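Dock chain B against chain A, hints included.
Residue numbers (my numbering), protein chains in the order written: chain A, 705 to 1152; chain B, -12 to 454.
In short, the hints are calculated from the structure, not lab data. Computed from a predicted structure; not experimentally measured. Glycine included, every Cβ here is placed at the ideal spot set by N, Cα and C. Certain hints may be false.
[Claimed, not checked] Computed from the model, here is a short list of chain B residues facing chain A with C-beta under 7 Å:
1) Glu395
2) Glu420
3) Thr421
[As the list claims (entries may be wrong)] Some chain B residues flagged as far from chain A (calculated, every beta-carbon gap over 12 Å):
4) Arg43
5) Asn53
6) Glu213
7) Thr230
Residue strings, one per chain:
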Amino acid sequence: MPIKITMPQLSPTMTEGTLSKWLVKEGDEVSSGDILAEIETDKATMEVESIDDGKVGKILVAEGTDNVPVNEVIALLLGEGEDASALEGAGSGSEKKQPAKAEKEEEPEEESDDEAASEEKEEEQPRAERKKADEGKSARPERKAEAGSDDGRIKASPLARSMARQADLDLGGIEGSGPHGRIIKRDIEAALESGGARQASAEPAPRAKSAPAAVAPLPEGVAYEEIKVSNMRRVIAERLQESKATIPHFYLTVDCTIDRLLEMRADLNGRSDAYKLSVNDFVIRAVALAMRKVPEANAQWGGNVIRRFKDIDVSVAVAIEGGLITPVIRKADTKGLAAISDEMKELARRAREGKLAPEEYQGGSFSISNLGMYGIKQFDAVINPPQAGILAIGAGEKRPVVKDGGLDVATVMSCTLSCDHRVIDGAIGANLLTAFKGFIEDPLTMLL
Amino acid sequence: MAEQNFDLVVIGSGPGGYVAAIRAAQLGMKTAVIERESLGGICLNWGCIPTKALLRSAEVYHLMQNAEAFGLKADNIAYDATKVVERSRKVAGRLSGGVAHLLKKNKVMVIEGQARLAGKGKVKVEKDGKPAADLAARHIILATGARARELPGLEADGKTIWTYREAMVPEAIPKSLLVVGSGAIGMEFASFYRDLGGQVTVVEVVERILPAEDEEIAAFAHKAFEKQGMTLMTGARVGGIKTKKAGATVQVTDAKGKEHTIEVEKVILAVGITGNVEDIGLDGTKVKVEKGHVVVNRWLETDEPGIYAIGDLVGPPWLAHKASHEGIICVEKIAGLDHVEPLITLNIPGCTYCRPQIASIGLTEAKAKAAGHELKVGRFPFIGNGKAIALGEDQGMVKTIFDAATGELLGAHMIGAEVTELIQGFAIGKTLETTEAELMHTVFPHPTLSEMMLESTLAAYGRAIHI
Chain A
705 MPIKITMPQL SPTMTEGTLS KWLVKEGDEV SSGDILAEIE TDKATMEVES IDDGKVGKIL
765 VAEGTDNVPV NEVIALLLGE GEDASALEGA GSGSEKKQPA KAEKEEEPEE ESDDEAASEE
825 KEEEQPRAER KKADEGKSAR PERKAEAGSD DGRIKASPLA RSMARQADLD LGGIEGSGPH
885 GRIIKRDIEA ALESGGARQA SAEPAPRAKS APAAVAPLPE GVAYEEIKVS NMRRVIAERL
945 QESKATIPHF YLTVDCTIDR LLEMRADLNG RSDAYKLSVN DFVIRAVALA MRKVPEANAQ
1005 WGGNVIRRFK DIDVSVAVAI EGGLITPVIR KADTKGLAAI SDEMKELARR AREGKLAPEE
1065 YQGGSFSISN LGMYGIKQFD AVINPPQAGI LAIGAGEKRP VVKDGGLDVA TVMSCTLSCD
1125 HRVIDGAIGA NLLTAFKGFI EDPLTMLL
Chain B
-12 MAEQNFDLVV IGSGPGGYVA AIRAAQLGMK TAVIERESLG GICLNWGCIP TKALLRSAEV
48 YHLMQNAEAF GLKADNIAYD ATKVVERSRK VAGRLSGGVA HLLKKNKVMV IEGQARLAGK
108 GKVKVEKDGK PAADLAARHI ILATGARARE LPGLEADGKT IWTYREAMVP EAIPKSLLVV
168 GSGAIGMEFA SFYRDLGGQV TVVEVVERIL PAEDEEIAAF AHKAFEKQGM TLMTGARVGG
228 IKTKKAGATV QVTDAKGKEH TIEVEKVILA VGITGNVEDI GLDGTKVKVE KGHVVVNRWL
288 ETDEPGIYAI GDLVGPPWLA HKASHEGIIC VEKIAGLDHV EPLITLNIPG CTYCRPQIAS
348 IGLTEAKAKA AGHELKVGRF PFIGNGKAIA LGEDQGMVKT IFDAATGELL GAHMIGAEVT
408 ELIQGFAIGK TLETTEAELM HTVFPHPTLS EMMLESTLAA YGRAIHI
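For reference, chain A alone in the conformation it holds in the complex (with noise of 0.2 Å):
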């Protein structure tokens, strides 16, 4: 049987992607480990890896085809022993997006030869083809946008970075011909001469995109210190200046009484030295049920769709030195309590530490920001995209509450709901938040 290979999930909440571009050809031979394909999702450009040694049968889906689903087969791979013929009706089922049918000519002859059949002359050539084959395979294509690579690491040897720094150049805008597209002495050397010269000269250029190119300038005499910028902040400016220039973001407000939530809190908590509940583990639990209940909340813009999620995963904001992370709970409305809890604490403590694996925190479809332990009654949160919506948790105080026509006091929590409008409209965002205070303000139904 010929080995199908799909289209992968490159992270828990891609559901679909677009064939970029093919490393290899029908009739290449792969070994495990090769790159096979380029696969280009919303965040970032990706490489599908051969989990088999074989020989590339055919070519499912063309390159540039957009909105490829999930784990729909997109090539495959004949295996030691296997001809041509061994594709006929295989990988058939998930293939609409076939591009035009491969012809059975196409496939090369030697390798269904029998092999006792072959002469030993003939034995040299497909071997030196072999070889060539193997040959070209460390000698893949390689990306030369990726010096200014996916995950935002730019890719220099030391000495370029140094020349760079000299002359006031920006990395980013330099193409790397080094190996592996590593911006090395020459392309500095060739940017510099290419005008990028002239822009040292003139001006401070801007060092990175994020950095806006005129920063204000000083009246003289302010004393102030220059702190470098880290990736992580630099990250975080871009994201939430993207943020807010591109989402339109609106905001709504309830108060929720949490007295019984901390009745229950202290109850549970009582019962058992094994766990330790936080308001925030509730808020968690609270958010992924209200999720489920609105389930046109749990999505994100997507251009030309709107991508509705399976899963309900809870980001939640962590502070960290220098900026903050969002760990994300997988499944949150599938977990008790107590499991809930027990994941952030890991998460958070591992957060602290810096030992995140990116899978932990990357993907997550909605968002929690919890100030409440500052003491803030109430602030709007900015969203962290791609996602659509953040709850914002204020601190659980005593409050003046009318209750049946009296004046009353009562723990209220101000919760204020961004919303990205173009996925979620008022409504939406009213069902959602309605439904969160529901179950905080009503805290039995979180066991339903």
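Quick look at chain B alone, frame taken from chain A:
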């Protein structure tokens, strides 16, 4: 004679030729290599490897003589020149056999004989004056290497006046010896014969020994050799050599113009090498020869399409590892691989295995200055290194040269025990385009001689710890 067809024919199986042939075979080319003498060429048979074997004997002998310094006792220390040479020949033989095995394993056809270009894409091979094979190939790599250069009036006779070749297989260690030329080959033989007790005089026409090395390193070496009892005459010229029944009389004019008559048992000529451009059928091709070397572009292509040349044949630096690298570059370019990079000469390390050893890469301090760099220069002496002292090898230094503006590692120069094994660290650094910062961030293991590489880097920035 039936013509045999190949994708590539390599003439010469030295470290350039056999490596090129293996790489070509890896890339699926049908390849043949032609060798007139021994597989592995000069390097394996008459150069790098057998001299290292000789020098190792000399080193062990030297250590034995100094056994007491290590708390050891050795009496009646002696050497047997025949056995020393025998060991050297065995080492060479073993490696030559290794090359044969590698070529066979890669299905490279080996043809014995003298090759000659015979028209476009054709090579004729003769053995013992008789035609041995007719080959046709789309690509032909000339890798015929080089031989000792001879100057007018300074011709080797193989008996009293030696080239490296005779110097490598002495029947006995001469009591007195004059070496003409103080480059790597000259100094290695000078060191070998001195360590085995010969009276050695080195005559160098340039005003310092080891003219290619950094001045400071050469001066350090000069002192070390003199301390060993060598006579070094720099800025001096050999006027003439007269051979007698036993030994030779050599006329030398020293730097001040004073004439000296030196009586020695043997003379070694080490005044450079010249490419083997003769008798390979270059006449009638567009291949250009200048100063005894074939002219090639950075992809090792000659002016004649389909004919390439690599290694010593195309000129300095005359180093086996340079030849091998050129072979690979040349073949990969022929195969049309992406991302083939031309060789960067300044990133080629050079090693001299005299005692003390010398290793260097990149620009000397003088050349770096001349190139217009502002410099940061660091030095660290062996005497500040724990491992060096434990080894009983506390004489030597590591010198590093950085560009003050960018921190680029421009050059590194070392003298002392085992520095030839250390230089690769700086070679990797240079290939990766390191600056001082990465070297400083690199953790060098303790206790090793390599710590001096870090200290020298730190010293360039006034931060050395152990001095």
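Of the hints stated earlier, which fail here? Hint check: nothing fails, all pass.
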